[in-house]
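**Q** Hey, can you work out the whole structure from these sequences and the hints?
4 protein chains.
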Amino acid sequence: MIFASDNWAGASREVLAALTAAGAAGPLPAYGDDDATRRLEARFAEVFEREVDVFLVATGTAANALSVAAFAPPWGQLLIHEEGHLAVDECGAPEFFAGTRTVALPGRFGKLDAADLARRLADWPIGVHHGKPAVLSITQANECGRVYTPAEVTALAGTAHAHGLAVHMDGSRLANAVARLGCSLAEVTWKAGVDVLSFGATKGGCLMAEAIVSFDPSKREELAFRRKRGGHLISKHRLVAAQFDAWLDDGHWLDLARHANAMADRLARGIAASRVARLAWEPEANEVFAVMRPATADRLTAAGARFYDWSTAGLAPEDRPGEGETLHRLVTSFATTPDEVDAFLAALAEL
Amino acid sequence: MIFASDNWAGASREVLAALTAAGAAGPLPAYGDDDATRRLEARFAEVFEREVDVFLVATGTAANALSVAAFAPPWGQLLIHEEGHLAVDECGAPEFFAGTRTVALPGRFGKLDAADLARRLADWPIGVHHGKPAVLSITQANECGRVYTPAEVTALAGTAHAHGLAVHMDGSRLANAVARLGCSLAEVTWKAGVDVLSFGATKGGCLMAEAIVSFDPSKREELAFRRKRGGHLISKHRLVAAQFDAWLDDGHWLDLARHANAMADRLARGIAASRVARLAWEPEANEVFAVMRPATADRLTAAGARFYDWSTAGLAPEDRPGEGETLHRLVTSFATTPDEVDAFLAALAEL
Amino acid sequence: MIFASDNWAGASREVLAALTAAGAAGPLPAYGDDDATRRLEARFAEVFEREVDVFLVATGTAANALSVAAFAPPWGQLLIHEEGHLAVDECGAPEFFAGTRTVALPGRFGKLDAADLARRLADWPIGVHHGKPAVLSITQANECGRVYTPAEVTALAGTAHAHGLAVHMDGSRLANAVARLGCSLAEVTWKAGVDVLSFGATKGGCLMAEAIVSFDPSKREELAFRRKRGGHLISKHRLVAAQFDAWLDDGHWLDLARHANAMADRLARGIAASRVARLAWEPEANEVFAVMRPATADRLTAAGARFYDWSTAGLAPEDRPGEGETLHRLVTSFATTPDEVDAFLAALAEL
Amino acid sequence: MIFASDNWAGASREVLAALTAAGAAGPLPAYGDDDATRRLEARFAEVFEREVDVFLVATGTAANALSVAAFAPPWGQLLIHEEGHLAVDECGAPEFFAGTRTVALPGRFGKLDAADLARRLADWPIGVHHGKPAVLSITQANECGRVYTPAEVTALAGTAHAHGLAVHMDGSRLANAVARLGCSLAEVTWKAGVDVLSFGATKGGCLMAEAIVSFDPSKREELAFRRKRGGHLISKHRLVAAQFDAWLDDGHWLDLARHANAMADRLARGIAASRVARLAWEPEANEVFAVMRPATADRLTAAGARFYDWSTAGLAPEDRPGEGETLHRLVTSFATTPDEVDAFLAALAEL
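Residue numbers (our numbering), protein chains in the order written: chain A, 462 to 812; chain H, 462 to 812; chain W, 462 to 812; chain P, 462 to 812.
Honestly, I wouldn't trust all of these hints.
Pairs involving identical chains hold if they fit within one copy or between any two copies, as the list cannot separate such chains.
Stated by the list, open to error - Below, simulated SDA-like cross-link-like pairs (lysine to any residue); rule was C-alpha separation at most 20 Å, straight line:
hint, residue 1, residue 2
1, Lys680, Pro534
2, Lys680, Gly625
3, Lys680, Gly588
4, Lys572, Glu613
5, Lys572, Asp780
6, Lys572, Arg781
Hints in this document: simulated from the structure, not taken from any laboratory.
**A** Dropping the structure here:
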């Protein structure tokens, strides 16, 4: 009954097999100058339906912060939802890597809205006293487990581009979003106006596989130098390349994401049906937000369930828990089993 | 006949087995807050014979640069041999992470000398106009494949401490050094005055396993925050913890290092005995530096050997190749086989 | 009729005389190692009624950003009112100098409230994922021309200290605040809990005279190194020292501030009495905020008046201009004459 | 008998008069958006014989470091003579502002040599592991009081440009160099290939007047943002503009520099003629380097002379003082009088 986070899981059997095979293989050039990495780059081009620049890194924080650094000047501003991972959970990494100021914007269910963004940018103070907005970052699927449609990404990116901002997508759960949307990776990224993507496979079934995918070839050199300078050029590149390769192979990544989403749906349906908990909002990926009394949460924990209390600071008033209620996040992963979900729901039913 | 670098190798069977087991295990708290990581920390305390703070990271560059950042103020200077990895091969990572100025010092065979350092520090300009020396970094085994004895480390560290500098050891090949010296890890690190260590297992038989080992508890919080901020807090910590654990288990790390060193010795003896190449200097770890004519090197390459041309810029005049000769580096690893060495020597003999 | 900003004025006669005398004097050691600077430091100790560390710099931005850098770690957060100069007008200088994240907080009339701050800090997420709050910065008099009483500063500083934050005061108009409050410099700074102060004399009657005044001797070395490294150690220190000295001499600074405040009061009374404009709120220093129709503002401008349109973004709903009205800022200075004010009010009366 | 440094002097009468007039003048827009600054920019265009971008700042350190930051990426390297001010005396300001690595190069009498530079750049390691050379900075007149001819600058800049480096000139004593060379400002700067210049008037007769003069319009926005972000956009711009204006007026700057140079020559001739001191090398600007016994220096100091002991670390062996001798720097300024020089020489003669 572990719903703490999808990064509590291990890796899929297929990914582990590929990792083991890669590790046992003979000598390969280091630092990504090897055939395995080149094969992976070709595969990225395939799944994205165009040439892309790929930079493998160790963490989503690195992918996010390096992306911002390459697309914003130091006097630029990073516009991001106030619940965004870069805004809340990455210890000031954009300030460190890019020097930018982080400007947190509101929006319901963790999503930014193009019309609201347009209104803000129309009046944005720009100049040497103020700096200037430089990068818009959106999370897909986002920190509230919600998903931007390609049309929504297109609208946000269009607004951003019209004001000279580049668009970054934090895709640590992009697989879950794509699985839900039923669209292609291309449709919800570069075709919708995304300039640079943090594409995460760690939460989706690998042990460690994160990539910066840049759709702007003019940033190639900068990203390459910045990655090394940030200590993110992994020497035995095969470690990451092999995991990504197996994950992307034959739709494995989508299968894993669909499973995680299905488990979230199963969990959500059960919670919605329960008498002692309710959904804070409909899940759209693999994160379920539930409202219950603290005592309920405590009893679930005592029964062995693991999930996080969640901050309500960024919620609109109409979305807040009622008096005496608290908000909780439950995350499913590729490794979540129906039995685990059902055990949780059974524990809930007993309360 | 791959002697390009020890990071061209994969991982040892034992390490891979542990990695696979860890990846297939059930859910574990992320970001190092798990039992596997705690067990590893206890193991580090054992092998270092004292309490230490351990911060697992993705690369040696990260370990090195974060160490400097935690032990030097931004206006500090990093003193390091002019052939040091941080000085030559890490793209200005200390400038990025720490803000420090890198001051490159000379020394025979890539080693700094305590008496020379003392002379320099006695006259070092210090003050707001100049900044001040803050961290001394030495590489063990170093970039010339040479080893500092515990006495030499003690002398350097004593000089550094007397002038207010902290001492960092870049130990990406520390296992090879310890295997050669026959001393304990403690004797050549903290007992000799090292304040913070980059302890690398990647080159020594893992796919990716690097650790900052700090002997100064007052730096704990700073290192923790800086690691996350630098994007180096790996979420599925088990990936690194499991590799390190297997590597440290039962002297496996020393066995692997002894093997690599033995292969270097075998290679060195063969080169010394050859008519068309000679040793630039005696190897003391797993790196062999050979002097030959470029045509010789070309023919070995044509025969399938892989090794790097090496810069002679940092060599003392008496150590430089002669007219018409060039310098080459050959590195052995845990995966190098006697057959590989012998094939190379046979190719050499045929020229 | 120039009410654009108090930094549009020149310098007072007394300050200019001192500057000229200093410039014409014979040789003096550079970089502040001179008697004029030492005399000034003694004078600062007098007016602050205790030993202080004084670092003269060129701009308020430098004073503010260096202060933050010395009192916050790079992973710290700067808490500041959303209208604060460091938050709005300094081009990301704290991100550059300190690496900190800027967190903008709301509050009526540009002021932070201790109870609100306490509520926020009680729930503040702290840890390696989030960073931590490190410095509270308040502006005195603030960007809305309002003043913190010593009791208010004491309450804010007490809250900040209780949560481990240092307290910075941006005092580019501190003289105006002190003149209004009728308290001593000590009462509203260190006695109220301020740890470090940007003390500005430029707006108050000098051409360029800004000082970091630190009440924490443990930051002395850091501030000295950071100032030089930031390019803010002025070589001919007499330039700044002489201006500050004349400004602090014999209450000259307070006389100038009282005059500016009196001119603001005269302006405010006239606006309050006018039929076509009204005060947005009562001024407490030398800045008057007026609400009028844009056409009124245009006609005043056509008549030769200079003042800025002002953003209403940070205003509470109850303080916002009505339909068809806009907000404007008018600033008086030591150089504003009653005639100038009266000419403006006459122009207003004619509309 | 003050020969400590040219920044120990005050300002010329003409400069002070202009400063006083500017300070007493009526209101002017702040931050350089005023007529006085625009007039100054026009004057810069005149003296440089082309359009230039001018950014007034408070210190030479700021001018130097901002220039490097605008012309080098963070992973770039700053190539500079090992005696260069940025390398020795600015507390790591380029590391702070630009993130670059400082690479110190040797050269006789503080000068870099184009042929030597070309040899080095031909073999320079470039790539993500190493970074890349980005800016060449030369000092004119340099730290040894020597001058680059336009031909020498042209050769160095040509070499730099051929390898993709931008060329920065640290011109804190450029007036002295131009006065000596008898060339135009244009000939020894942009016509010789300089891309960006730190043009200092502080040492040459102002109290504080430094400018970044950029010959590359593509860097305009970056320099503007970086200056503000670094706290170097002075609010009452008239302070600097007025000083520069008076200094550039009617050849005043050249008259002052010629006087300082003449005083240096007078001093040098006297030292060369003395029995107890000798010239370390011929002065070419306003700095005289003398070799004497420490006891001689002590007696001169006791007689009231002020000058600095100087490091011999960067000297070629053939230029070093002999056994029992030390090196000393004596600097003249616009304010040095013949009597002062003669008094020093008389004191020397008495020893």
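**Q** Tell me, please, which holds for Lys572 and Asp780 at an alpha-carbon limit of 20 Å: within, between, both or neither?
**A** Within one copy, since 14 Å is at most 20 Å while 29 Å is not.
**Q** Between copies, within a copy, both or neither: which fits Lys572 and Glu613 at Cα up to 20 Å?
**A** within (10 Å within a copy, 38 Å between copies)
**Q** Using 20 Å as the alpha-carbon threshold, which applies to Lys680 and Pro534: within, between, both, or neither?
**A** both (13 Å within a copy, 13 Å between copies)
**Q** Within a copy, between copies, both or neither: which one fits Lys680 and Gly588 at a CA-CA cutoff of 20 Å?
**A** Answer is between; shortest inter-copy Cα gap is 15 Å, intra-copy 24 Å.
**Q** Is it within a copy, between copies, both, or neither that the alpha carbon of Lys572 lies no farther than 20 Å from that of Arg781?
**A** within (16 Å within a copy, 28 Å between copies)
**Q** Using 20 Å as the alpha carbon limit, work out where Lys680 and Gly625 are close: within a copy, between copies, both or neither.
**A** both (16 Å within a copy, 18 Å between copies)
Checked against the numbered hints given earlier, this structure breaks none of them.
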